[in-house]
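The sequence shown begins at 66 in the working numbering and counts up one residue at a time.
Derived by calculation from the structure, the hints in this document are not laboratory data.
Quick caveat, the model's predicted, so the values are computed rather than measured.
Since no wrong hints were added, every one of them can be taken at face value.
The calculated DSS-like cross-link candidates involving lysine-lysine, where the alpha carbons are at most 27 Å apart (straight line), are:
hint, residue 1, residue 2
1, 159, 84
2, 67, 159
3, 67, 84
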Amino acid sequence: MKADMDKIIREEARLIILKGLVCERSETLSSAMIERLLYSYGIRRDRDFVHNELAWMEEQGAVTLKQVGSVFLAALTERGARHLDRSFSIEGIKRPKRL
66 MKADMDKIIR EEARLIILKG LVCERSETLS SAMIERLLYS YGIRRDRDFV HNELAWMEEQ
126 GAVTLKQVGS VFLAALTERG ARHLDRSFSI EGIKRPKRL
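Hey, can you work out the whole structure from these sequences and the hints?
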């Protein structure tokens, strides 16, 4: 059951990250800001969790990452945007609801 809940939290966190990125004019956020964003949705995890999720999302092509000191800058990709508009689905990221 813990493994199931962990999977649900990770998939939800990944969707929240994509939604947070699309809301920014530059479609970019630092991992420190993403940590705060997730916290505001009740996902209280440390920066290592955020960095691991961002690395996974980069492997899937949903974001690009640039390391600046101890933080990552995550930028939304076309593939990540297509997941949000439901024209494409990335396995492992919660599917957004229809508008």
